[in-house]
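**Q** Now for the letters of each chain:
2 protein chains.
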Amino acid sequence: MKHFEVIKTDAASRARICRLETAHGAVHTPVFMPVATQGTVKAVSQADLKAIGTECILTNTYHLYLRPGLAVLEKFGGLHNFMAHQGPILTDSGGYQVYSLSKLRKITDNGVHFTSHIDGSPHFFTPERVIDYQARIGSDIRTCLDVCVENPAEHAAARDALTKTKAWAERSKRHFAAAARREGAKRPLLFGIIQGATFPDLRREAALHMAEKVDPDGFAVGGLSVGETKKQMHEMLSVVTEALPKDRPVYFMGLGSPEDIWEAVELGADMFDCVLPTRNARNGQALTSRGRFYVKNAPYKMDETPLDPDCDCYTCKNYSRAYLSHLFKARELLMNQLISIHNLRFLMNQTLIMREAIKNGDFQARKKEFQRLYFSGGGNFKKN
Amino acid sequence: MKHFEVIKTDAASRARICRLETAHGAVHTPVFMPVATQGTVKAVSQADLKAIGTECILTNTYHLYLRPGLAVLEKFGGLHNFMAHQGPILTDSGGYQVYSLSKLRKITDNGVHFTSHIDGSPHFFTPERVIDYQARIGSDIRTCLDVCVENPAEHAAARDALTKTKAWAERSKRHFAAAARREGAKRPLLFGIIQGATFPDLRREAALHMAEKVDPDGFAVGGLSVGETKKQMHEMLSVVTEALPKDRPVYFMGLGSPEDIWEAVELGADMFDCVLPTRNARNGQALTSRGRFYVKNAPYKMDETPLDPDCDCYTCKNYSRAYLSHLFKARELLMNQLISIHNLRFLMNQTLIMREAIKNGDFQARKKEFQRLYFSGGGNFKKN
Numbered sequence: 001m002k003h004f005e006v007i008k009t010d011a012a013s014r015a016r017i018c019r020l021e022t023a024h025g026a027v028h029t030p031v032f033m034p035v036a037t038q039g040t041v042k043a044v045s046q047a048d049l050k051a052i053g054t055e056c057i058l059t060n061t062y063h064l065y066l067r068p069g070l071a072v073l074e075k076f077g078g079l080h081n082f083m084a085h086q087g088p089i090l091t092d093s094g095g096y097q098v099y100s101l102s103k104l105r106k107i108t109d110n111g112v113h114f115t116s117h118i119d120g121s122p123h124f125f126t127p128e129r130v131i132d133y134q135a136r137i138g139s140d141i142r143t144c145l146d147v148c149v150e151n152p153a154e155h156a157a158a159r160d161a162l163t164k165t166k167a168w169a170e171r172s173k174r175h176f177a178a179a180a181r182r183e184g185a186k187r188p189l190l191f192g193i194i195q196g197a198t199f200p201d202l203r204r205e206a207a208l209h210m211a212e213k214v215d216p217d218g219f220a221v222g223g224l225s226v227g228e229t230k231k232q233m234h235e236m237l238s239v240v241t242e243a244l245p246k247d248r249p250v251y252f253m254g255l256g257s258p259e260d261i262w263e264a265v266e267l268g269a270d271m272f273d274c275v276l277p278t279r280n281a282r283n284g285q286a287l288t289s290r291g292r293f294y295v296k297n298a299p300y301k302m303d304e305t306p307l308d309p310d311c312d313c314y315t316c317k318n319y320s321r322a323y324l325s326h327l328f329k330a331r332e333l334l335m336n337q338l339i340s341i342h343n344l345r346f347l348m349n350q351t352l353i354m355r356e357a358i359k360n361g362d363f364q365a366r367k368k369e370f371q372r373l374y375f376s377g378g379g380n381f382k383k384n
Numbered sequence: 001m002k003h004f005e006v007i008k009t010d011a012a013s014r015a016r017i018c019r020l021e022t023a024h025g026a027v028h029t030p031v032f033m034p035v036a037t038q039g040t041v042k043a044v045s046q047a048d049l050k051a052i053g054t055e056c057i058l059t060n061t062y063h064l065y066l067r068p069g070l071a072v073l074e075k076f077g078g079l080h081n082f083m084a085h086q087g088p089i090l091t092d093s094g095g096y097q098v099y100s101l102s103k104l105r106k107i108t109d110n111g112v113h114f115t116s117h118i119d120g121s122p123h124f125f126t127p128e129r130v131i132d133y134q135a136r137i138g139s140d141i142r143t144c145l146d147v148c149v150e151n152p153a154e155h156a157a158a159r160d161a162l163t164k165t166k167a168w169a170e171r172s173k174r175h176f177a178a179a180a181r182r183e184g185a186k187r188p189l190l191f192g193i194i195q196g197a198t199f200p201d202l203r204r205e206a207a208l209h210m211a212e213k214v215d216p217d218g219f220a221v222g223g224l225s226v227g228e229t230k231k232q233m234h235e236m237l238s239v240v241t242e243a244l245p246k247d248r249p250v251y252f253m254g255l256g257s258p259e260d261i262w263e264a265v266e267l268g269a270d271m272f273d274c275v276l277p278t279r280n281a282r283n284g285q286a287l288t289s290r291g292r293f294y295v296k297n298a299p300y301k302m303d304e305t306p307l308d309p310d311c312d313c314y315t316c317k318n319y320s321r322a323y324l325s326h327l328f329k330a331r332e333l334l335m336n337q338l339i340s341i342h343n344l345r346f347l348m349n350q351t352l353i354m355r356e357a358i359k360n361g362d363f364q365a366r367k368k369e370f371q372r373l374y375f376s377g378g379g380n381f382k383k384n
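In order, the protein sequence lines correspond to chains H and B.
Everything in the first sequence is counted per the numbering used here, starting at 1 for the first residue and increasing by one.
Everything in the second sequence is counted per the numbering used here, starting at 1 for the first residue and increasing by one.
If you're looking for bench data, these hints aren't it; they were derived computationally from the structure.
The reader is advised that the hints may include incorrect statements.
Said to hold, decoys possible - Mimicking PhoX-like on lysine-lysine, the simulated pairs with C-alpha atoms at most 25 Å apart in a straight line are:
#  : chain 1 : residue 1 : chain 2 : residue 2
1  : H       : 329       : H       : 2
2  : H       : 75        : B       : 50
3  : H       : 368       : H       : 231
4  : H       : 329       : B       : 296
5  : B       : 50        : H       : 42
6  : B       : 317       : H       : 75
7  : H       : 230       : H       : 368
8  : B       : 50        : H       : 317
9  : B       : 317       : B       : 42
10 : H       : 42        : H       : 231
11 : H       : 106       : H       : 230
12 : H       : 103       : B       : 75
13 : B       : 75        : H       : 42
14 : B       : 329       : H       : 296
15 : H       : 75        : B       : 329
16 : H       : 367       : H       : 231
17 : H       : 317       : B       : 75
18 : B       : 75        : H       : 50
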């Protein structure tokens, strides 16, 4: 397919480097996409995102639909202008938010009734409407409305949700194809979401159905990293990437810890998003090459070294652990910004290391090197 | 005096442009100094401060002494390194914070006993200790410990506070002179604080005493902008600037609204600081050439124009009122950063306009022009 190119695949695993073309520029994979839930990556400006090297960000149809509302975004000619983001934007369809945030969710064959988590007002999403909403948002990569189930799920419940998710994906594709033709040269991309909980048979069925009956521009793997074991997560991802054609990107939804991303890339996933780097930052937790740590911990009060001596981000080039520890204790807003910048750049650097490793044919060695240092708890970092 | 040069004084008023030299670079006046109470300008990074054009910032001896503590700053070789600020830093002596933040304040001839607003622990400041603390902070411009009184104050109470403030200023200067000699070529500057509440006789006495008996490197005017009328404020400032020699800078403590700064510059003040631009930003209030307004107000929900169409700041060049309104309603942290940047740049631009006006000999005309637009409530801005 024209919009996607596999540049190189690792000889010993499914890890690969690829290039995805969108209407707002290229996405080089493996890639971590910062999350802009409400049309902003929390506490991080566009200038900082650019300095971090961010290409694609993720945002949520559910949230933007409720606030500021699609009429506002349309007035601006789309979310890109509204939030001043010039690169690609991927929108989640809202299936997960309806499941996790709404107090009331009633699913019919036609769509899902839910109430707003903001004011309790009633709303109704259908696969077609959600495609239309994403067109009004103007995102570059759009996703099909899906049905999420709790973890752990019974096989029957997961099967029922998958049956709806499959039907909705087909409807989404039909509606998208008609609308996308109208958008002409700036044609957006559609990703289908593969569900199936922790059941290999359902995951395989979902992947094959998506590839054969829906035929989207990319595959999103949903419903993982929601509390299942790592073993289950890896098994499900492996079943899916084995079943899928290799000519399209695989997006692992909601994965954000560096150790998990290394594993998932090895198993064939290309794209990732998660609130982890920015949410942990607001709790004073930094991701570093030597593991995670909390800046509030006592040893850092006098520590003149940067968060991560190996990092090239704005925060590490200008500020010390002691300063960030002080900001945490003094409840200063600047901490959110500085650690968010670091955590996002840290994940960006991890994906750059992965790309280089795949290119050089030493992915396994670099992964082991990452793990050795990350789990060492070495230096004067305290294990948390 | 070598460290200070009056470049030009307005023919029709006391407004003037000057240059103050410090160990960390020059300060061009009129100047507004962003406040970094706890060693950070709230929600604004050093990169953003630099882009705003900030030369000098203000921080508080009282706050830094309590947290992170002077031992931490000394480990870093001073506050500049700790907070990554390369320009000049002015420290307030703590007299005002002891008055306004501590639940317990007991003043003796020797100094002031108070309890920490953080943990209630007891502390004792003397004029000499506060000079030493500021040396450990490493600030470029230091101030004498003073005694603040409530507003309105009785003449007897204001007289008593002034008597102590005068004696403490003399002690501060003696102690500072001895210590400053040790700092050699990087000699810091000492500013004396002029008190006297709203009594012209006390203000005049305080100014003459400061100039003749203390002879500091600059004059700070304290105890104003604390609830007195504008008329009183202007009268007190005028009494002070009339009594003072013209060869040193005049720093009006705690003034931050643009309309007040225009008046105070006309009356001979050169330097200003206030939490207003950053505090108001966190409440969603923007300072603009057309007046103040709250971004949450309904008309801005769909407004594509920047906060201030005349502004050249990062926020105004990239984001709309509608976006900032959305951030406010969605309680997004990025709002604090973006409006703080704008408000600080707005005040910076006001001082640049003032300098240009004084240079061109049309200060009165430019002041009237500012007032006409600022108080017009025009455009689609709502009066608040």
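**Q** Could you run down the list of hints and mark each one as holding or not?
**A** Checked hints:
no.: 1; hint: H:329 - H:2; in the structure: 52 Å, violated
no.: 2; hint: H:75 - B:50; in the structure: 34 Å, violated
no.: 3; hint: H:368 - H:231; in the structure: 18 Å, holds
no.: 4; hint: H:329 - B:296; in the structure: 30 Å, violated
no.: 5; hint: B:50 - H:42; in the structure: 22 Å, holds
no.: 6; hint: B:317 - H:75; in the structure: 18 Å, holds
no.: 7; hint: H:230 - H:368; in the structure: 17 Å, holds
no.: 8; hint: B:50 - H:317; in the structure: 16 Å, holds
no.: 9; hint: B:317 - B:42; in the structure: 21 Å, holds
no.: 10; hint: H:42 - H:231; in the structure: 31 Å, violated
no.: 11; hint: H:106 - H:230; in the structure: 31 Å, violated
no.: 12; hint: H:103 - B:75; in the structure: 52 Å, violated
no.: 13; hint: B:75 - H:42; in the structure: 33 Å, violated
no.: 14; hint: B:329 - H:296; in the structure: 30 Å, violated
no.: 15; hint: H:75 - B:329; in the structure: 18 Å, holds
no.: 16; hint: H:367 - H:231; in the structure: 18 Å, holds
no.: 17; hint: H:317 - B:75; in the structure: 18 Å, holds
no.: 18; hint: B:75 - H:50; in the structure: 34 Å, violated
Checked against the numbered hints listed earlier, the structure breaks hints 1, 2, 4, 10, 11, 12, 13, 14 and 18; every other hint is satisfied.
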